[in-house]
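Student: Residue numbers (numbering that gives the first Met the number 0), protein chains in the order written: chain A, 0 to 260; chain B, 0 to 227.
In short, the hints are calculated from the structure, not lab data.
Using N, Cα and C, we set each Cβ at its ideal position, and we do this for glycine too.
Careful, some of the hints might be misleading.
In silico BS3-like cross-links for lysine-lysine, where the CA-CA straight-line distance does not exceed 30 Å [said to hold, decoys possible]:
| hint | chain 1 | residue 1 | chain 2 | residue 2 |
| --- | --- | --- | --- | --- |
| 1 | A | 83 | A | 121 |
| 2 | A | 124 | B | 83 |
| 3 | A | 19 | A | 239 |
| 4 | A | 82 | A | 121 |
| 5 | A | 125 | B | 141 |
| 6 | B | 23 | B | 186 |
| 7 | B | 55 | B | 141 |
| 8 | B | 141 | A | 83 |
| 9 | B | 1 | B | 186 |
| 10 | B | 141 | A | 115 |
| 11 | B | 141 | A | 172 |
| 12 | A | 83 | A | 198 |
| 13 | B | 141 | B | 83 |
| 14 | A | 125 | A | 82 |
| 15 | A | 115 | B | 222 |
| 16 | A | 83 | A | 239 |
| 17 | B | 141 | B | 222 |
| 18 | A | 82 | B | 141 |
| 19 | A | 19 | A | 83 |
| 20 | B | 186 | B | 164 |
| 21 | A | 124 | A | 172 |
| 22 | B | 222 | B | 1 |
| 23 | B | 221 | A | 121 |
| 24 | A | 121 | A | 172 |
| 25 | B | 23 | A | 125 |
| 26 | A | 19 | A | 124 |
| 27 | B | 164 | B | 222 |
Partial selection, computed: residues in chain B whose CB lies under 7 Å from chain A [to be verified]:
| hint | residue |
| --- | --- |
| 28 | 127 |
| 29 | 131 |
| 30 | 133 |
| 31 | 145 |
| 32 | 226 |
| 33 | 227 |
A short list of chain A residues far from chain B (calculated; beta carbon distances all over 12 Å) [what the hints assert, rightly or not]:
| hint | residue |
| --- | --- |
| 34 | 88 |
| 35 | 228 |
| 36 | 233 |
Here is how the chains run, residue by residue.
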Amino acid sequence: MAILEVEHICKSFERTEVLKDISFSLEEGQVLSIIGSSGSGKTTLLRCLNFLERPDSGVIRVCQETLFDSNNPASMQESEIRKKRLHFGLVFQSFNLFPQYTALENVMLAKELLAKEQADYKSRKKEIHEEIRILAEELLSQMGLADRMNNYPHQLSGGQCQRVAIARALALKPDILCFDEPTSALDPELTGEVLRVMKELAEQKTTMIIVTHEMAFARDVASHVIFMDDGYILEQGTPKQVFEHSHEERTKQFLSRFTQG
Amino acid sequence: MKLMLEQMPIVIQSLNVGFLQTLKLFAVTLLGAVPLGLVIAFGSMSRFRPLGYVTKIIVWIIRGTPLMIQLLIIYYFPGLVLGKPIWGGGETGRFLAASFSFIFNYACYFSEIYRGGIQSVPVGQEEAGLVLGMTRSQIFFKVTLLQMIKRIVPPMSNEIITLVKDTSLARIIALQEIIWAGQAFMKGSQGISGAIWPMFFTAVYYLIFSGILTVLLGRLEKKLDYFR
Chain A
0 MAILEVEHIC
10 KSFERTEVLK
20 DISFSLEEGQ
30 VLSIIGSSGS
40 GKTTLLRCLN
50 FLERPDSGVI
60 RVCQETLFDS
70 NNPASMQESE
80 IRKKRLHFGL
90 VFQSFNLFPQ
100 YTALENVMLA
110 KELLAKEQAD
120 YKSRKKEIHE
130 EIRILAEELL
140 SQMGLADRMN
150 NYPHQLSGGQ
160 CQRVAIARAL
170 ALKPDILCFD
180 EPTSALDPEL
190 TGEVLRVMKE
200 LAEQKTTMII
210 VTHEMAFARD
220 VASHVIFMDD
230 GYILEQGTPK
240 QVFEHSHEER
250 TKQFLSRFTQ
260 G
Chain B
0 MKLMLEQMPI
10 VIQSLNVGFL
20 QTLKLFAVTL
30 LGAVPLGLVI
40 AFGSMSRFRP
50 LGYVTKIIVW
60 IIRGTPLMIQ
70 LLIIYYFPGL
80 VLGKPIWGGG
90 ETGRFLAASF
100 SFIFNYACYF
110 SEIYRGGIQS
120 VPVGQEEAGL
130 VLGMTRSQIF
140 FKVTLLQMIK
150 RIVPPMSNEI
160 ITLVKDTSLA
170 RIIALQEIIW
180 AGQAFMKGSQ
190 GISGAIWPMF
200 FTAVYYLIFS
210 GILTVLLGRL
220 EKKLDYFR
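Please build the complete structure, drawing on both the sequences and the hints.
Tutor: Listed below in structure tokens is the structure:
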């Protein structure tokens, strides 16, 4: 059963159509890679899923629950959106860590704020805080940052920052973790360490959507690949289908540098 | 010189009283203008256009005219033109009018500093908060605010030091602050007249006070140095 269903999403900015009738679905535990040239709409698609942009039309369903339906205005209320966002996690290209908090605090903050909404928060305050801290420490250790927990973002390398950001997103246990070009701001060496962590997550059957320019990574780790061009999904399928047996001339052209190299 | 030493205790006493009034005006202005500035900043950034325009025009008028004129208009206009002296007479009335003018004037300057501070925090910070399910007010207080404070401390320090000296403008409506107290000995007061040195002496008060503030604000700036 599909964990995510996206149907007929369209999105325009002013007069530019950025997304044109986007539909796809994703099974639980799968990794979807979205590839394509810059400006093809990949990032906007991710931002729509995370409610940072509002699609002009279409439907988004997670676990059979309709999160967004352009025909149903009630699905677009601000207070509702906040809860719906929690189905998704998002890792940004530019990390966007909170600079005034340590790595550990970055991972804990949102979870702690959410815990305050729990009914039993006041009576179990200490316990809850402790649970969150242990979870955050585990996540950071899993990211290979056990010795960096109390560092501030400016004391960390780009690769370390991105791994903190991944831990921060995982802390809220999203159904689907999205990555928006997570390694585009990193040099090749640091890219490697972030990709390694993402590969581990894939092996643990974390459902992920990864917008990336790392073609080798998309081919080797993804279970499903979407090629976007000019706001359309031009091609989708298994990595083998897209990378080796693409039908579209545009896909072949885009991949030519990679497949030859 | 000997005469000056004899007059010194009287003068110091009088200047101290004046300086207390200066300090009061300074403190009240800060307490009022710091929060009011934030309100004006949000007003000028409002997505509701008319509110944005109105706020911007007010800020333009307040920043575009001398504080001294504003003091005169605010203090004298209601009584002399409208026939309704809302401030009342005496020192209390003058202090109220001065406080009102200073708070409003400084809030407008602060609002522009705040606006710069808020807008200089990258939009990615807010987006990261939103994606993590935080409410807009949680994002403001837990994420954006401290980053904004860090960025505005240097320009705010500048304004605050300026405020120390600007309080002397309240002399124009005869508020009995330190300049007024010093000037009194030129005209004649408590048996001393034609003495200009008490006036010069007021400068020492300003200098020491702004020195203390510079150190304190410098410490605050250092304290926020732990992140970038």
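Student: State for each hint whether it applies.
Tutor: Evaluation of the provided hints:
1. A:83 <-> A:121: Given that 30 Å is the threshold and the Cα spacing comes to 25 Å, the pair holds.
2. A:124 <-> B:83: violated, 57 Å
3. A:19 <-> A:239: Roughly 25 Å between the alpha carbons, so the hint for residue 19 of chain A and residue 239 of chain A holds.
4. A:82 <-> A:121: Given that 30 Å is the threshold and the Cα spacing comes to 22 Å, the pair holds.
5. A:125 <-> B:141: Between residue 125 of chain A and residue 141 of chain B the Cα gap is close to 20 Å, so the pair holds against 30 Å.
6. B:23 <-> B:186: Within the cut-off at roughly 25 Å; holds.
7. B:55 <-> B:141: With Cα atoms ~28 Å apart, residue 55 of chain B and residue 141 of chain B stay inside 30 Å; holds.
8. B:141 <-> A:83: Satisfied, since the Cα-Cα distance of roughly 21 Å is no more than 30 Å.
9. B:1 <-> B:186: Given that 30 Å is the threshold and the Cα spacing comes to 21 Å, the pair holds.
10. B:141 <-> A:115: Since the Cα atoms of residue 141 of chain B and residue 115 of chain A sit roughly 14 Å apart, the hinted pair holds (cutoff 30 Å).
11. B:141 <-> A:172: Judged against 30 Å, a Cα distance of about 21 Å means the pair holds.
12. A:83 <-> A:198: Holds, because 26 Å separates the two Cα atoms, which is no more than 30 Å.
13. B:141 <-> B:83: Judged against 30 Å, a Cα distance of about 46 Å means the pair is violated.
14. A:125 <-> A:82: holds, 25 Å
15. A:115 <-> B:222: holds, 29 Å
16. A:83 <-> A:239: Violated, at roughly 34 Å.
17. B:141 <-> B:222: The given pair, whose Cα atoms are some 18 Å apart, holds under the 30 Å limit.
18. A:82 <-> B:141: The given pair, whose Cα atoms are some 19 Å apart, holds under the 30 Å limit.
19. A:19 <-> A:83: holds, 23 Å
20. B:186 <-> B:164: Holds. Residue 186 of chain B to residue 164 of chain B sits at ~23 Å (cutoff 30 Å).
21. A:124 <-> A:172: Cα-Cα ~20 Å, so holds.
22. B:222 <-> B:1: violated, 48 Å
23. B:221 <-> A:121: violated, 35 Å
24. A:121 <-> A:172: holds, 23 Å
25. B:23 <-> A:125: violated, 44 Å
26. A:19 <-> A:124: violated, 48 Å
27. B:164 <-> B:222: holds, 26 Å
28. 127: holds, 4 Å
29. 131: With a minimum Cβ separation of about 4 Å from chain A (threshold 7 Å), the hint on residue 131 of chain B holds.
30. 133: holds, 6 Å
31. 145: holds, 5 Å
32. 226: holds, 4 Å
33. 227: holds, 4 Å
34. 88: Violated, because the least Cβ-Cβ distance between residue 88 of chain A and chain B comes to about 7 Å, which does not exceed 12 Å.
35. 228: holds, 26 Å
36. 233: holds, 28 Å
Checked against the numbered hints listed earlier, the structure breaks hints 2, 13, 16, 22, 23, 25, 26 and 34; every other hint is satisfied.
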